Each structure stands twice: as structure tokens, then as C-alpha cells.
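Enquirer: Just need the whole structure built from these sequences, with the hints factored in.
Throughout, this note's numbering is defined as the position within the sequence shown, counted from one, plus 347.
Read the hints as simulated data drawn from the structure, not as lab findings.
Just so you know, not all the hints are guaranteed correct.
Within a straight-line C-alpha distance of at most 25 Å, the following computed SDA-like cross-link-like pairs (lysine to any residue) qualify [unchecked claim]:
1. Lys389 <-> Asp350
2. Lys389 <-> Ile376
3. Lys389 <-> Val405
4. Lys421 <-> Leu373
5. Lys421 <-> Ser395
6. Lys389 <-> Tyr368
7. Lys421 <-> Ser388
8. Lys389 <-> Gly406
9. Lys389 <-> Ala404
10. Lys389 <-> Tyr415
11. Lys389 <-> Gly363
12. Lys421 <-> Ile409
13. Lys421 <-> Tyr368
14. Lys389 <-> Arg379
15. Lys389 <-> Ser374
16. Lys389 <-> Cys411
17. Lys421 <-> Ser374
18. Lys389 <-> Ile413
19. Lys389 <-> Lys421
20. Lys421 <-> Ala393
21. Lys389 <-> Ser422
22. Lys389 <-> Cys375
23. Lys389 <-> Leu351
24. Lys389 <-> Glu353
25. Lys389 <-> Phe364
26. Lys389 <-> Ile407
27. Lys421 <-> Arg365
28. Lys389 <-> Ile409
29. Lys421 <-> Ala372
30. Lys389 <-> Arg365
31. Lys421 <-> Ile407
32. Lys389 <-> Gly371
33. Lys389 <-> Ser358
34. Lys389 <-> Leu418
35. Lys389 <-> Ile357
36. Lys421 <-> Cys411
37. Lys389 <-> Leu373
Okay, the calculated beta carbon distance ranges per label pair [unchecked claim]:
38. Thr417 <-> Ala360: 13 to 23 Å
39. Gly406 <-> Tyr368: 35 to 45 Å
40. Arg379 <-> Ser422: 28 to 38 Å
It should be emphasised that the depicted structure is a prediction, and the values quoted were computed from it without experimental measurement.
The beta-carbon is built from N, C-alpha and C at its ideal position, and this holds for glycine as well.
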Amino acid sequence: MFDLSEEWNISFAGCGFRSIYYVGALSCILERVPQLVQGASKFGGASSGCLVAAALAVGIPIGCFIRYGTLCWKSFRRTPTSWPRVGSMCPSPDCQMEEMC
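Expert: Structure representation (C-alpha cells):
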């Protein structure tokens, strides 16, 4: 049985489409058993999983995270020349978190 008195971590693997699954599973966990997330000592992830872990670690609401991701991907699809620059250093003016939350 899982012992809530001991330390545990939450980790998310990479793979672009899997992040959608993680967001759905995480929203269900936050709704039904939030102490599993609130009691975790560390969050980690690889590739797209690190985006979900980072959002979780800093307390970005799941709905806000989804709206932000959707806005960015729509922006990337409108501007084919932005594909080489997709990533954390993307200069796209459409990807502003302040607009989402």
C-alpha cells in the first residue's frame, strides 16, 4: 500500500502526444485525490512531460495550461516559418501567458 507519510516524486515521460494524456490524468487526480500531488516532494519530466511537470510545480491551473498550449500551436500552424524556432526561445508574440490566466 502507498504510504503517504513517506517522500515520493512525480515524473512525466516525454513524447509529444502523451502530454495530452498527462494533462487529463493530472486534472482527474487533482479533482479526486489532490493530496497525491500536493504531498509530492519533487516533480520532473522529459521533453513534453517536463512542460506538464513545470506547470504543476509552479501552480499553473490545468485549464490555463491547455489554453496556452492551444494558442501557441495555432500560432505555429499559421506561421510555417516559425517551425524551426519552436521551443522555449520562440519569439512568437502570440504566446503570452499573461493573456491566458
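Enquirer: Among the hints numbered above, which are violated by the structure, and what are their numbers in rising order?
Expert: 7, 19, 21, 34 and 39
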